[in-house]
Structure formats: C-alpha cells, structure tokens
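Chemist: Please take these sequences and the hints and turn them into a complete structure.
One-letter residues, chain by chain:
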Amino acid sequence: MFAQSKTSAKLAVTVLAVTVLLGLPALNAWMPAGSFLRVSDFSINLYGKYLCYAILAISVDLLWGYTGLLSLGQALFFTLGGYMMGMHLMRMIGSLGQYHQPIPDFLVFLGWHNLPSFWRPFSSFWFALQMVFIVPGLVALVFGHFAFRSRIRGVYFSILTQALTYAACLLFFRNSLLMGGNNGFTDFKFLLGQDLRAPATQRWLYVATALTLIGTYWACRWLSRTKFGLVQQAVRDREDRVLFSGYAASHYKLFVFVLCAVIAAVGGMLYVPQVGIINPSEMAPDKSLEAVVWVAVGGRGTLIGPVIGAIGVNALKSWTTRAFPDMWLLILGTLFVLVTLFMPKGIVGLPGQFLALRNRYAPRFKVPPAATEPAQELAKTK
Amino acid sequence: MKKHLLPLLAACMAFAGSTICKAADTIKVGVLHSLSGTMAISETSLRDALLFAFDEINKAGGIKVGDKSYMIEPVIVDGASNWPLFAEKAKQLLEEDKVAVVFGCWTSVSRKSVLPVFEKDNGLLFYPVQYEGEELSKNIFYTAEAVNQQATPAVDYLLAQGKKKFYLIGTDYVYPQTTNLILYKYLLLHGISLENIGGGLRKDDSGKVISAGKYTPFGHTDYQQIVSEIKQFAASGDACVINTINGDSNVPFFKEVAAAGLTPADCPVVSFSLAEDELRALPTKDLVGELGCWTYFMSLNTPENKAFLGRWDSWLKEENHPGVVKEKRAVDSPMVLSYDGAYLWKAAVEKAGSFDVDKVREALESETIYFDGPGGKITINKNHHATKNVYIGETRANGQFKIVKSYDQVFGEPFLLKGLDEKLAAK
Amino acid sequence: MKLPLVLALAVLLAGLTANPGTALAEADPVRKKLAEAILSEGGEQQQLLNELADTGSKAVVEILTAWSREGVFIFTSADNSKIPVILEEAEDSAGKRRALRIEDGQALRDSQGSELRFASSELAPADTDMRLRSVIQQALDTLALSMGAPDSRRSAALKLGNSQKIRYLPLLQNRLSKERNSEVRRGIEEAVALLELSGTDARTQIEAIRHLGQLRAIGCVDNLKSTIAKKGCAPEVIAAGKEAIRSIEDHIWWVNFFGTIFHGLSLGSVLLVVALGLAITFGLMGIINMAHGEMIAVGAYACYVVQNLFAAGFGFSVTLPFNFFGRPLHFGLHLPGINATGWFYETYFLFAIPMSFAAAALAGLFIERTVIRFLYRRPLESLLATWGISLAMQQCFRMVFGANNVQVNSPSWLLGHFTINDVSFGYNRVFVIGFAAVIVLATWLLLTKTSLGLLVRAVMQNRTMASCLGVRTARVNMLTFAFGSGLAGLAGAFLSQIGNVGPSLGQTYIVDSFMTVVLGGVGSIVGTVCSAVGIGTTDQVLQQTTGSPVTGKIIVLVAIILFLQWKPGGLFSIRSRSLD
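Top to bottom, those sequences are chains A, B and C.
For the first sequence, the numbering used here assigns the number 1 to the initial residue and increments by one for each residue that follows.
For the second sequence, the numbering used here assigns the number 383 to the initial residue and increments by one for each residue that follows.
For the third sequence, the numbering used here assigns the number 810 to the initial residue and increments by one for each residue that follows.
It is worth saying that the hints were derived from the structure and are not from the lab.
Do not take every clue at face value.
Think about it this way: if two alpha-carbon atoms lie no more than 25 Å apart in a straight line, the pair counts; the simulated DSS-like pairs of lysine-lysine are [stated by the list, open to error]:
#, chain 1, residue 1, chain 2, residue 2
1, B, Lys547, C, Lys1034
2, B, Lys546, C, Lys1051
3, B, Lys688, B, Lys441
4, B, Lys546, C, Lys1039
5, C, Lys1040, B, Lys809
6, A, Lys317, B, Lys410
7, B, Lys446, B, Lys410
8, B, Lys613, B, Lys567
9, C, Lys905, B, Lys784
10, B, Lys502, A, Lys189
11, C, Lys905, B, Lys667
12, B, Lys547, C, Lys1051
13, C, Lys1034, B, Lys546
14, C, Lys974, B, Lys613
15, A, Lys189, B, Lys480
16, B, Lys667, B, Lys784
17, C, Lys974, B, Lys546
18, B, Lys502, A, Lys49
19, B, Lys546, C, Lys1040
20, B, Lys809, C, Lys1039
21, B, Lys480, A, Lys317
Modeler: Below, the structure is given as structure tokens:
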C-alpha cells in the first residue's frame, strides 16, 4: 500500500513536471504581455539553454555516476555537435551577412573568395544532422578505443580527457582551421526555412529541447535497468571483478563513452540555434568542469540529479552575475566546496540525509505489530 | 489657530506632493563589459569612465527631453569575458531592462556576438575600442578608432623615419588578422618588398596571401622563439615591429624584448592595443621610446584635457560605486571614447527630442552631432564612425606618452580592403 | 695577512660610494660644448654631437645617456636664460633632488647662492625625438667604442658599421689596433668589412665579402643580398656574395639550434618548478589539486607585496557589497614600506623567494586542514572541492589586488643577457634553470635523506601499512601538502619575473602542470624532471620547425595522450603489488 502510493506519487510528480516543462511555451505564446503568468521570450530562450545544459549533464552523469569514468572533456563533444549545426546555420545565412557575399563573413575577412571544399555539404540539414552524430562519435571512438584498451582509469583518464579538450580548444582557436577561429560562428538567420530570431521558432526549439531531454532521460533510465546497465554499474563498483567474471569491460566502457559523446553532441546541436553563437571557448577545460559540478551538486548516480543541478546552478549563475557581479565567483566557489563536503549525494540526496539525521537524533518509527507476534507465539509455547 | 490648521496641512501636502512630482524621471542605460575574466583588466576602466560620465550628466541636470529632465540610471552587467554570455546579457538588457542605449564591448568577438541581438531588437550600441573596421551596422555607432585612424598613420610615421623592414605580430583573432592584412597591402603599395615583411605569410589554394604575420592565442606567455626571430630580423638595423597583441600577453612579450636587449633605438615596437592603462603593468623604464597611436593621450596639453583630468580625479575621490579602484589610475583612449560616446548620445537625444532608437539614429546620422571631448572635437558621421584627431606618441619612463605627431580631424573610414586591392591590382 | 683584505675592501667601498658627480666635475670645454648641444637644434646640434663623440669623455657618455632617457632638464632662470641641468640620484626627505649644471658640474644656485632642489616633475625635460635619439645613439656608440663593457663596445661597433657611413672607417680601423677583447675585435672587423662593402672597388668588395662570410656576420646578410642584387655588379662579387650568404645561413641554423635547446631547457625548468609540487601532493595523497595554480599566484603576489614593502609600502581595502545592519562591510590593511633604494632595493627578490614559499605553504596548510582533510578517500570529490577553492581564491585576489595585472619589476641583476657565439642567454632564464636544479636537488635530499622524507615515501607506497606501523599519516599529509604548495609558491616567484601577475595566473599553468605530472609518473621526481624538460624541448623544437607557436603545443598534447596509451603509469611509475 505504501509502495503503491509512492509510485503513484512519483507518477503524479513526473506528469506535473512534464506538463510544466511543455506548458511554458504556451504561456509565452498565449498570455498577453505584461501579465503575471507571461513567460517572456528572453526567459523561454534562457530555459531552453538550461535544458541543453541538462542534456550535457546527463551525459556526464551516465559516464561518471553509472560507469565510474570522470570525463573532464564532455564539453568538447557538446561543442563539436554545436559546431556541426553551426556550420549548417552559417550556410543558411546565404548572402545576408555583413559583407553580402555568399560565403561566411569570417572567410571574407580572412581573404577567401570561394568556399573551402569541406564546407560545401553543410548546406543540407540532414547532412549536418548526421555529422552531429558522426564527428563527435568518431572522436570518442578513437580516443576511447586507445584509452580503454590500455586500461587507463581513474584520475589518469580524467586528466587525459582534459588534455584532449584543451588541445581541441587550441586547435579551434586558430583561424587557419577555417572554423571561425576566436570569433566562432554567429549572426545566424534561418533554420529549416524559419527565421531563427522569431519568437515562434524559439518556442519550437524550446519544445524540441524539452522533448529531447525527456527522451534522453527515459532512454538512460531504461538502459540502466537492462543487463547492460547492471554490468555498467558493476564496472563502476569493481572493475577487476567484472573482468574476472568474463566480461570485456573495455567494450562496455567504449560503448558508453561513445553514447555519452553523442548525447552531449545532441545537446550542443540544440544549444547553438538558441544561443546564437558558438565559439571555441565552449571547449575550454573549465566548461567541462562546470558540467561536472552541476552533476555533483544535483546528485550523481541518479538521472534527475544532473537535470536539477544543471538548471539550478545555471539559474544561480544568471542571478548572481546580475545581482552581485563582483562577488559571484566567490559565492559559486564556496557553494561548491560546501556541497562537496556536506552534500556528497547532491541535492537529490538531501532528503535521504535529513532522514538519516533525524533517525540518528530522534528515532521515531514504530515497530510493526507483525514482528512481535512470532515472539509472543514462542513465549506461549514455552 | 485650528481654523488655519486644515488649509495649512493641505498646503504642506500640496508642497510635498509637488516636490515629489518634480523629482526627475530616470532613463535606463546599459553598460555591457567584462568585469571578470581575461578582459576584465581592460574593460573595468571603461565601466568607470561611463559611471563618471553619467554622474557628471546627472549633476548637470540630466538629459532634457521635451520639458522633462531624465536622470541616467545605469544598468551594469558582467559579460565575464565569455562571448555567449555577452549575447545573453545584451538580450537581457534590451528585452528585460528595456534600456534606451547600451555602451559596451571591447573585443571584436564580443561585438560580433551581440550584433545580431541588437539588430533583431533594434537596440543601440556605442562601441569605443579600436578595431579592424570592415563592418557597418545600423544599430552600432563606432566612436572607436578605425584602421585609418590608428594603424596607417603609425605606419606612415615609421616609413618617414626610414624604416624598411616591418615585422607583424598579433593575437590570433579577427582584429589583428584583418589589420595586418590591410597593413600588408598598404606596405606593398608603399614599396616595401615581400621579404621585408616579417612574421610569415599564409596563402590559400590559389596562391593569394590570406594571412600576414605571426599569431599567438590569447593568454600566450612564451615569446622566446618569436623574440629571437625578431632579433635576427632586426639585425640589419632598420626594422620595426607592428604589435597587435591584445590583452595581458603584452607583458611577457615586452619582458622578453627587454631581456633580449632589443632597444627601441634599434627596433621600435608600435603597439595598437597598449595604452596608459596597460603600461602600468609593464617595465616602462626599459621601454622608453616605443610607439603608440591613439586618438587621445593622457599627456595631451589642452585646457579641455586638463579640466577633464581634474574632474576625473575629484570624482574618483568622492564616488562610492562598488568595485571602482581609486589608486594609481590612468586614463586612456577607450575610456575617453566611452565618455565621449555618452555625451554624443545625450546630444543626439536632445536633438531628436526622444529616446526612440530610430529618431536618435537619424539625429546621429545627420552629421551635426559633435562633442568637444578631452581628445579634441569628435563628430559622428553618416557612416556611423567618428571624425577625430589622431596622435602618435612615444612611451616614457613614467608610463605616459609623449606626443610626437598629430593629425587633425581624420575622417573614420571602415572599409579599406577593397580600395587597397584595387590600387594593388592597378600597380 | 688581513691588512691587504681590509685595504681592498676599503677601496671597493670607496669605489661603490663614489659620488657619480665627481666624474662630471671635469673637462670644462667639453662640458660647455655639451650644454651648447643641448640647447641648439637641427644641423648645428648634429655637428656639435659629432664633435662630442670624438672626445672620448666619460662625462659626455653619462650626460648623453641621461639625455636620451629624459634625464636632462632645462631650467629657465630669472633672466630668461636657459640652463641645462641634470638631477642627482639622492633624494631628500621632500623627494627633491639637487640640480647640477651641465656646464661646470656645480650645483645650481639661485641669486642668493643657496642650492636649488627640484622634483623631476617640476622641470621641463630637454626634448628628444626619434631622429635626435638616433644621432645621440650614434655619438654614444662612437664613444662606447672605447669605453664600457665588451658587449656594449661590440654592439657599438656593429651599429657604426650598419650606418654605412664611410667616415667611420678610419675610426674603426684605429680602434681595431687597440682592442684586446676577441669578441669586440670580431665586431669591429665585421663593421669594417661592412663599410668596405659599400665601396666600389670589386677586389676590396670581394675581400670584404669573404671576410664577412668567415666572421659569420648574421646582421650583414641583408647588406650582402642588396649588394649583389645591385645592377652592374661583377660576377665574381656575386659568386663570392652567394658563398658568404650560404655560410652565414648555415651558422644561423646552428645558432637557432642551440637557441632552441636553451629555450626548451628554460621552458622545461619553468614547467618543472610548477609541476614538482603537484607531483608530490598528487603522488602522495592521490588528490587532484585544482587550486595548485592559485598557490602559484599566491607566491607571485607575495613577491609583489615584498617588492612594495621594500619601496613605498603596501595597502589594500575591500568593500563588500553586502550591508551589515545598514553599514557597509569594509576592511583594509596598510603596511608602511622601508623606501629602500639602490642595491639594497635590488636585493628584494632574495627576500621575496622565501616569503613566497612561506606564504604558499601557509595557504596550502590552511586549505588542507579545512577542506582536503575530509576528502582523502574520495579523490574525485577533491577535484571539485579544490576547483571551488580556486574560484574563490581568484575572486579574493581580484578583490584585494584588483582585477588588473600588477607590476613586478625585475631586479637589475636579472636583466640583460650574455651571448656566446651569437646565441643569447637571458639572465633571468639562466637563473630559473639554476634555481630549478637547486629545488630539485633540495627536494630529492628532503625525500631521501630526512626522516620526514622517509615517512612521506612510506605513506606514498602503502598508507594503511604505514599507519599500522605508527606513522601519523594525518601529520605527514599536512606537511607534504604544505611543502608541495610552497614549491608552487616558489614557481610563482619565478613566473613573476618572466610573465605577468594577475588573478588568473594560475589558470594558465594548471593544465600544463597536470600533463607534466601525469607524463612523468605520479610521485616520481626523476619522472617529473624528465617529462618537464622533454615537453619543454619538444615544444620549442616544434615551434622552430613549424613556425607557429600553437601547433607545437597541440602536437605535444596529442603525443602525450598517445604516449599514455602505451605507458599508462607515465615514464617512471611506482610499481606496487596492489591491484589498482
């Protein structure tokens, strides 16, 4: 009875959350401006960004919380996905750029007159979509194959992923790579024929992001309940025993690594049209660290934790840069230290912590009557 | 007594009410700069200059539109040297705070990332920092130095001093790349041969030069190889270095230059992104005689500048905005151009009689808005750029510049590449 | 026995304290000409300067040098006559200095006869522009040909040669016969050959060209190229020229090679100093300390504070944006300085080094006791917590010292360079290399010869067993972390000499230090040394070959990643029998 009410409560909460998530664009579209319930265009855009970050956080958590691999380079895949979509969006600007040329602005000021060959296929949306999956996946495949084959674990793996993202960041900052250099891609105008800056398009993008987030969440939840998920968590707990039991742990790890890279890339793909700019600084090591912090604050090892962490921390960041621009790094840093020290399970683990604290200081649960009956029976028989 | 109490009370209330009603209205303006991160070093001073301008305007009665006076209420946001955050903050300023105008941005990346936001929301941005040109947006007014107000006058000066070899070095992003490309073509036009332009050339598939000079990323610290290359380049004695390194990489570069024994007498370095503010962190005693070219120097000996500096000093003593550092301040060109921008906007609003962006833009494009700033008279032109004086200065041991040449009222022209290409083709 | 020593010391002391003014009070006609030159302009000024250049007077050198550095001022007396003066070094309590007339070296006096004192901002400096300075420089070079250090004599000769003014030829040839120092002789020979090159006689030209080729004169390549490209040049001259250019370019290749090796060593020593502390803390405790970069910044800022304490004093004030019951929170600190000058001020760096170590060690101790102590069994959480600490520390730096970079001046004994066969070695780089070696040696001694080091190694190998044997692991952790942070502080002191000091100083080095540590093998000092030097040298070599500073770095990073696939433990990994 108790268990049943728990699942139905959970179901109710889930339905409510999904409704709120999907209902926000409706509030944006149909409430008149100035009304209290109106969600402004700016807010829809901001929430869409938070949801993309939530997708990135899920990918970090799937690797860290479920497989025990702390990757300090997930932002690399996020940004690569963003770049693939960005290339398509740059082609969609057509001749409406600052220089009124059919090639992207940054190529014009670098002195190019024609489009380099590797840019041409990106005029097709489907090609760009495929590239969002293929390019980050390929990078993850190659890196992961070499890393897991040599049984690189723990801290070394983290440092290596950091080196990878740092090297990629340096590479993309170079203008000679013809990927926008320090400017990155910006000034997007159209996507699939729709004007990117119209509120309607932004709402649809928000809805797409929310649906992707929900889909990813359910898919990862399903995965963690299959046998694959069990092996994955076993790898996290004791990898050598998994090896002794006959499983090729490196294959499992590689699969998860590539999967997480693709998830992050999809998040990046949805991020770029909403934010309007992609730039190599998104690949910098500190961005990946931020993603890890979201997961830590939200609670790793769960799937709702990263979502809460990503949305919560980013909301806090937006608020503090406005309210206390001189102090926000201090606040954020102290917050992370406190979370790590006192909330090892994150926000999701807070109820559990309170419960444990309460039980320690004021045990109040009643012993159920059924437990004493056999003792009474025994006493009777004696 | 009681008979008179009620009318007395009413009179008091009316008086109080009228004073409250007479209290000035406010108008929000946005300040969008990096107050943290790598660019904070340069951009916090711009915020301070803007606060100074706003306080001055408010003290003088605010902006008069119609028959009301509006006090400026600044909304300051921190872009944190993070370009996507700049776009988000710009959106916030225009859509949430609904500011009438934004003063902001330093790097070209930040400007390019907020440009679409301003065009979409029809906002107004005043941009004060020297840049590479080749841009013209109807929503941006550039009080900044265009390439022909900074780079080419400096090169003219060096050519006149008899320099025959030019080494180009910069940070790897749009401003140095474009400026160096322009200067490369300019030098070729003036008869400098290809092997006397140092730093390396990169060509595209068809053999056309698309990048000239040596580039290092932001925050790069290791200049040993580059300085030894410059030393060899300058061994013949008539070389100079054109430096578009941006940000704090200038410090390790100049420390390496000083350590290698490259003196300004042998090989002067002209820097386009170094002003009095950045010189505070450099070993200026070893760098006497290096060059800079701006449209304002703190050492300008004009009555307007002296009065301005006096007012700035007293404002620094009295003000209590959070985060403003009071000691050892220097004033440089981007700060003055920010200050000028605030006054130019005020003049445009008062001429247009409204805060509406389209009307203000029309007023600015009428080429009648000008301001007698500390650097001289600055006038906004139809091409959204400014006409102002240009000065070339040499660094002194105390971190100031000594002005060696000045050009009066140079018209700011952003589009230079096409003209140079045509002239080169005709040669 | 002791008497000669005392006498020698006395002479030395006398020499050190000798008033520079004494050198100025002589040679009156020369001084009169000098004063005239300062006040005149244009062609007359140039003529006078040329004449002064031939005098060989030390006073002229001092005053001309001061002039080019804006140290000569013009005082307008009551009767409107302009008197060029120079200000003495010594400042009195009001910050004013005595003015010495250039004409006769005596102090400037007013009509009553009392000495006039000025602060340097009160007088108008004698104006110079680029052209005048180059003329002054040429005069100084002519004078420097026979005076001063060998390095300056050599460069003076080269500058005269490059001026292509044939009138310097007899002067240089004259000097050649008197010069003893081989380096300087070479320079003068180069200059003579250069001047002969500009002549017209083919035979002297070929002789000069051959000579330049033999001398490996790098600065003359351009002149050679332009000479043989001139129209009407004889074919033998062209052939000789090409030969000479080829041999000089060969020489340049070798100079670059050794230069690159030196640059690699110096970059490697910087990496080494930065990464050594991290190797120890990482190796000992297995925690990833993302605040290591901020320890470096603490050391650099400590150096800045010491520098200010030796000068005018140091102070800061911080206003928090919160209001505590309506009153703003405000705190600050002001420390008076000792206003040291001269050579005592230059020694500040020697005091700054131990201060940096101490400051960073204290900071590390504080962090360890408050935060890291609870995170030993959780290495990945320690990463997060230390990253939070690094953010907070960066903001604290910003609040206390300002968001701007602060200026740390190099002491004069670290400025400059020396050259061996055209390869130049900067003093500050040599100092870093030397000190890095000393630090490595000291750490090795600490770890192998002291009891603390023994305990540290034991805990590193097997913590639980060491604890069972009675080692107080908590205390060992604390001291080791403090030591590692102290080493980072030392790195900060060096980095303040070669780069800038700002709140984000740490961020620029953190990734590189991790790479170095992981490549070398965690916990191994030899490994860290090898990997630091290896990374430094490879980076510089790649920079030299690819021509771009960034490509080299990217290739090095990729190479490290690939190397770690092959040897996951790094170059020198600690072998243990445990499973992990």
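Chemist: What hints, given by number in increasing order, does this structure fail?
Modeler: none
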